[in-house]
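Put chain B on the given structure of chain A with help from the hints.
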Amino acid sequence: MKELLARIKEEALEKIANSDAPDKLNEVRINYLGKKGELTTVLKGMKDVSPEDRPKVGQMVNDTREAIENALENARVNLERKLREISMKKEVIDVTLPAKKMQMGHRHPNTIVMEEVERIFVGMGYEVVEGPEVETDYYNFEALNIPADHPAKDEQDTFYINGDILLRTQTSGTQVHEMEKGKLPIRMIAPGRVFRSDEVDATHSPSFHQIEGLVIDKHITFADLKGTLAEFAKEMFGEDTKVRFRPHHFNFTEPSAEADVSCFKCGGSGCRFCKGTGWIEILGCGMVHPNVLRMSKIDPEQYSGFAFGLGLERIALLKYEIDDMRLLYENDVRFLKQF
Amino acid sequence: MNTSMSWIKAYVPDLDCTDQEYLDKMTMTGTKVETFERMDKNLKDIYVGQILSIEKHPDADKLIVCQVDLGDKKLQIVTGAPNVKVGDKVPVVIDGGKVAGGHDGGPLPEEGIEIHNGKLRGVESFGMMCSIEELGSSRDMYPLAPENGIYIFPEDTKVGADAVEVLGLHDSVFEYEITSNRVDCYSVLGIAREAAATFDKPFMAPKVNVKGSGDDVDHYVKVSVEDKDLCSRYVARVVKNIKIAPSPEWMQRRLASCGIRPINNLVDITNYVMAEYGQPMHAFDLDTVEGAQIIVKRAKDGEKFMTLDGQERELDKDMLMINDAKKAIGIAGIMGGENSKITDQVKTMVFESATFNGANVRKSAKRLGLRTDASGIFEKGLDPHNALLAMNRACQLVEELGCGDVVDGIIDIHDKLPEEKQIKMDADRINALLGLELPESEMLKIFEKLELRFDKASGMLTIPTFRQDLENIADLAEEVARFYGYDKIGETLPTGEATTGKLPFKLRIEQMARDIAEYCGFSQGMCYSFESPKMFDKLLLDQDDVLRKTVTIANPLGEDFSVMRTISLNGMLTSLATNYNRRNKDVKLYELGNIYLPKEVPVTELPDERMQFTLGFYGEGDFYSMKGVIEEFFAYIGMQDKITYAPGKVPEGTVRNSAVLRDVYPFLHPGRQANIVYDKVNVGFLGEVHPEVVDNYDMKGRVYVAVLDMPSVEGFATFERKYEGIAKFPSVNRDISMVVPKEVLVGQIEAMIEQRGGKILENYHLFDLYEGEQIKEGFKSVAYSISFRAKDRTLDDNDVNAAMKKILNGLEQLGIELRQ
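Taken in order, these protein sequences are the chains called A and B. Positions 4 to 342 (my numbering) are the ones given, in order, by the first sequence. Positions 2 to 821 (my numbering) are the ones given, in order, by the second sequence.
Worth double-checking, as some hints may not be accurate.
Derived lysine-lysine pairs resembling DSS-like cross-links, with alpha carbons at most 27 Å apart [unchecked claim]:
no., chain 1, residue 1, chain 2, residue 2
1, A, Lys-104, B, Lys-586
2, B, Lys-489, A, Lys-237
3, A, Lys-340, B, Lys-701
A short list of chain B residues far from chain A (calculated; beta carbon distances all over 12 Å) [stated by the list, open to error]:
no., residue
4, Arg-299
5, Ala-478
6, Gly-759
Just so you know, these hints were derived from the structure itself, not from any lab. Backbone N, C-alpha and C fix where the C-beta goes; we use that ideal spot for every residue, glycine too.
Only chain A is shown next, with the shape it has when bound in the complex (with noise of 0.2 Å):
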């Protein structure tokens, strides 16, 4: 019995070692430990064996399934292995092939500018408002301090509908707007369209966009003026981007200035974007003028004011080198693909 047992063993685990298939070992397992397996027929031959010899002879078959059941079962998980290994070596793909994308449309690099803009001010607590494109008069010119007889005024820059009814020339007419809701402080920006009458070429275009900004408060000063502005710089420029404040003129403000940035391209160094000053001239801004506070209905000894006003196609057009302005309203995909 003893050597019955070694034999099928051997023979067994021999058998087992040369299956190279899952069928293989199945036949192994059918031809040994099925039911009329040559182990099971072992098994069935025990009533032969003496009552005392049972036991012994019990475990002795029962160590021979074991033993052929773990060869089986390492043999089953190595040959797997070894197929899985080989049907990975047929898949191998060139990963260097075109990327399946989506096709993403592109935004336009004005609303990028301008979603940037409002980003960072939304941040420092200012509401976004808007203003009508058509205006009258009084908002676009009169409340904010340009006299009737301004140059500005003239037929050959503003777009007239009738006397007194007029496309926009500036976004600053939504300061006046807002001041006259009587509600302070006032922190606001307003981006939006505005018109003048440049006829279409490189760097001018009859329609394009401002953002405006206006803050009213007791105590606002010049100060807070420079330093709101240099933070805002240094957020959409970059963390060493300085800021410089020229005195300038504007109607509505007073004192006024035009504000340089440190050129985002060369870092000041001087190149062509900066025409080799170093600086790039990006906003107009100033004291809220103490006419423009009356007109609105608050009162200049009690309040003051800032506000600013910066040209988005500027800062789209040296921001992403665009060498002409036509480019932004002609809606070629191979353009705003760019973006």
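This is chain B only, laid out in the frame that chain A set:
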């Protein structure tokens, strides 16, 4: 405005700075210097030489060989110039030196031209004699320079001297951007005054003194101003015994540095005073002034007048004219007349220095299409006090230059002249505005430099009349800031009540529209708000279509930009056409922009500005891909439940707004268009563009568009979402295959499924649609998969069968047969 450094230094003699320092500091105090150019930029080693002898070149007919004395040395120089003779003093550039340009006077090379010893046709030449063009200038600026030849210095010029210095070219020219409020700075004196304050040096204004020659101006001319509203001051003096001659070199050089061409002593004096004082002047030949009378009054409509440039101009009743007893002799502030202009034969003249109304001059010049140096200055609105100062300065120069005899007496016609303004000094307010803590004394020092006078007793500042721009405490704060230094003011952030940053709901929805459009492959375009009225024809709109009622620009850039758009499609189609014609494939664009709907025509109040979300594409995709974008957008903004599409007439009771007003859109394919209705509101439309419209835009193939009226959409948009749980029990699916009469829309089938599916209806989708051979004429095959699910239990067949039965009964009523 341009000035040379030397002219500024004439009034600020202590000024000592580099050109760059001048640019930087002046810019930072508000007199912005755009650029500067050194006039001797490329001039090096050029000396005054005297020609000792001239011989013919042995081998060249057109060349001569000169021996030239340079004081410390003698050089042999070969030249082709035809105009030199022995004894002439000429500019000579020696070996290693540089000149600015070629003798042809063409554009100047950036780095100049270096000169070296060399041989000309075998004869050695140790330098070059220079023409005025080679020195970087022109005969316009040096009228004495010969045409085509070497510049010849006056006889008394020192041999060996620095020729560049003799020519007055060791100087720089600055170009300024003067802001419109600083009328006083459109003058050399104004800028010099700013420079003196900027660099803290004394300002030395010219000392003006006219001797006079006796006689009396009243014997010569009478002046009357009839339209004083346009001429607040008119000053006139008479000069007799005029001797026309070139003006002196110093005056020519100063004028030339500002880009003004020297002509003769009289013209040069008027130009000089205009540059120096910022006051344009004019001279009339008194012998041509009939009746010895000057009358200032408006012209008559349609009157013709010949200006001194020989052009005939048509006048109108708003133009101010200078007249004599019988005729017009000049357009006030713009240009004098041909009939009274100064000629070389002039004996006696009337000098005019007046203050004309700036806005009137500007408008007249524009109507005439004649903007002159004088009108450009007048239009800024001048200080009447300056008129007399300038007149006297001009007369002083007439005397100094020996140009004629100034007749005693001044005609000076004016009403009350503006007085010096008084502003209360308030150092605390100034500090509060600027965020500074500057002592009053520091501020007063700045004001003193600017010629503002402080009266301690009253605390008032007196503002000189040339500073028209200073009116209130904020203006004074700016003066303090400018000279204290904008850059020295600190940087702080506003204190006070905190505010919440906000992007309003409308803008958030627009942002989401951009996001979705881009996810779906559409790129953002931007179109003009004004368009050509021809677009209505291109879009096949009827002649009396309501969209043709536009907000119309009175002064457009041209017809193509003359009406504010009432529909956004033209911009979209034009942009698609641009892409199509540039052979860009599969182009998808979207735009967010306003349309402008007038409340009435002609416009008397502001129009309704409505934001339109416009999508358009050609190439890959069809009607249903466009529909997909709309639904993605609606789902994104919380509007998935109540969308319907009406081909043609919208259901009874649908609400419409001014942007979406019709059942059928003429510019869309009649069988491929739909109104988009959301919860009984017509929020937009979509469709395939009508083939004829596609033709009109020079495209081929199919083009799809959709327009959503954002104000209508915004009413439904919401960021509210509610979690409804994830289904725990299995769903049951039933597929139905139908034969449907062609005219029945799939939308009707879906409406029936929804209406009859009951609470357990989960969803449904079309999985097959077929028209063709196996289907009988006039029918189509449609197949739907419908799924049912209950939240609280596993459905059994009875539940589903009951629901299906209701659905099928309903479908039968639509004439639909079930296929087995």
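Hint by hint, here is what the structure shows:
no.	hint	verdict
1	Lys-104/A x Lys-586/B	holds, 17 Å
2	Lys-489/B x Lys-237/A	holds, 19 Å
3	Lys-340/A x Lys-701/B	holds, 23 Å
4	Arg-299	holds, 17 Å
5	Ala-478	violated, 6 Å
6	Gly-759	holds, 38 Å
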